[in-house]
Amino acid sequence: GENVEQHPSTLSVQEGDSAVIKCTYSDSASNYFPWYKQELGKGPQLIIDIRSNVGEKKDQRIAVTLNKTAKHFSLHITETQPEDSAVYFCAATSYDKVIFGPGTSLSVIP
Amino acid sequence: DSGVTQTPKHLITATGQRVTLRCSPRSGDLSVYWYQQSLDQGLQFLIQYYNGEERAKGNILERFSAQQFPDLHSELNLSSLELGDSALYFCASSVTPGSTVGTEAFFGQGTRLTVV
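Note that the protein sequences, when read in sequence, are chains B and W.
Quick note on numbering: the first sequence equals residues 1 to 110 in this note's numbering.
Quick note on numbering: the second sequence equals residues 1001 to 1116 in this note's numbering.
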């Protein structure tokens, strides 16, 4: 069946460095790719998303890139801060299906 | 605060029992989605309702059912509970159906279910 792979599963970076999380999806019908941040004890929060007709989107320190041909999309966080520490989920969504990646636990070390 | 309210926050029950989880979407949101999050399974999409009608179904067990009422709140019913059903159950809402996540979806704080 369709799935979304996400790497790495855990990531530790020094404050101020960049963090990159990569996802690969299998369903070619996927056309919407959101990223969610989940802090401890809270529900996931949408932080950025990208649609299949766009290759890149940026919002301040966060950017997402999409390569539809390769079925890859990535989250880039620059100038990381301790408050960026959380679990990040990618998702690949088609008309009637949403599949989440397994999550990446990001730790930003002060 | 996302505006999505889930009750109860915590629930402890015995195997074989039945429980109901409740979700109130953000004001104006017509779509409600249910997700299960367990340690070894990540976020699993269960089911989506839009304006009272079932719109999409994910990996929802036959022991589980859901509905969305005319006031748009939703309930997830879990029956014949097993130890493996212990998980966080999240509800999310969005304005439009779109894909199963639609445009921006807002998640509630979740209900932590423990089956003993």
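No lab work stands behind these hints: they were computed from the structure.
Note that the structure is predicted; figures quoted are calculated from it, not measured.
No residue lacks a Cβ here, since even glycine has one placed at the ideal position from N, Cα and C.
Be aware that a few hints might be false.
What the hints assert, rightly or not - Each computed DMTMM-like pair below joins lysine to aspartate or glutamate, with the alpha-carbon atoms no more than 25 Å apart: (1) B:K42 x W:E1075; (2) B:K57 x B:E83; (3) B:K57 x B:D27; (4) B:K71 x B:E2; (5) B:K71 x B:E83; (6) B:K22 x W:E1075; (7) W:K1057 x B:E15; (8) W:K1057 x W:E1082; (9) B:K71 x B:E15; (10) W:K1057 x B:D27; (11) B:K37 x W:E1053; (12) W:K1009 x B:E39; (13) B:K37 x B:D17; (14) W:K1009 x W:E1075; (15) W:K1057 x B:D49; (16) W:K1057 x B:E83; (17) B:K42 x B:D27; (18) B:K68 x B:E39; (19) B:K68 x B:E2.
Stated by the list, open to error - Per label pair, the in silico range of CB-to-CB distance: (20) W:S1079 x B:P110: 46 to 54 Å; (21) W:A1014 x B:T69: 45 to 53 Å; (22) B:E83 x W:T1005: 21 to 29 Å; (23) W:G1028 x B:Q45: 15 to 23 Å.
Here is what the structure says about each hint:
no.	hint	in the structure
1	B:K42 x W:E1075	holds (20 Å)
2	B:K57 x B:E83	holds (22 Å)
3	B:K57 x B:D27	holds (21 Å)
4	B:K71 x B:E2	holds (12 Å)
5	B:K71 x B:E83	violated (30 Å)
6	B:K22 x W:E1075	violated (34 Å)
7	W:K1057 x B:E15	violated (41 Å)
8	W:K1057 x W:E1082	holds (21 Å)
9	B:K71 x B:E15	violated (30 Å)
10	W:K1057 x B:D27	holds (16 Å)
11	B:K37 x W:E1053	violated (29 Å)
12	W:K1009 x B:E39	holds (16 Å)
13	B:K37 x B:D17	holds (18 Å)
14	W:K1009 x W:E1075	holds (14 Å)
15	W:K1057 x B:D49	holds (22 Å)
16	W:K1057 x B:E83	violated (35 Å)
17	B:K42 x B:D27	violated (29 Å)
18	B:K68 x B:E39	violated (29 Å)
19	B:K68 x B:E2	holds (15 Å)
20	W:S1079 x B:P110: 46 to 54 Å	holds (47 Å)
21	W:A1014 x B:T69: 45 to 53 Å	holds (51 Å)
22	B:E83 x W:T1005: 21 to 29 Å	holds (25 Å)
23	W:G1028 x B:Q45: 15 to 23 Å	holds (19 Å)
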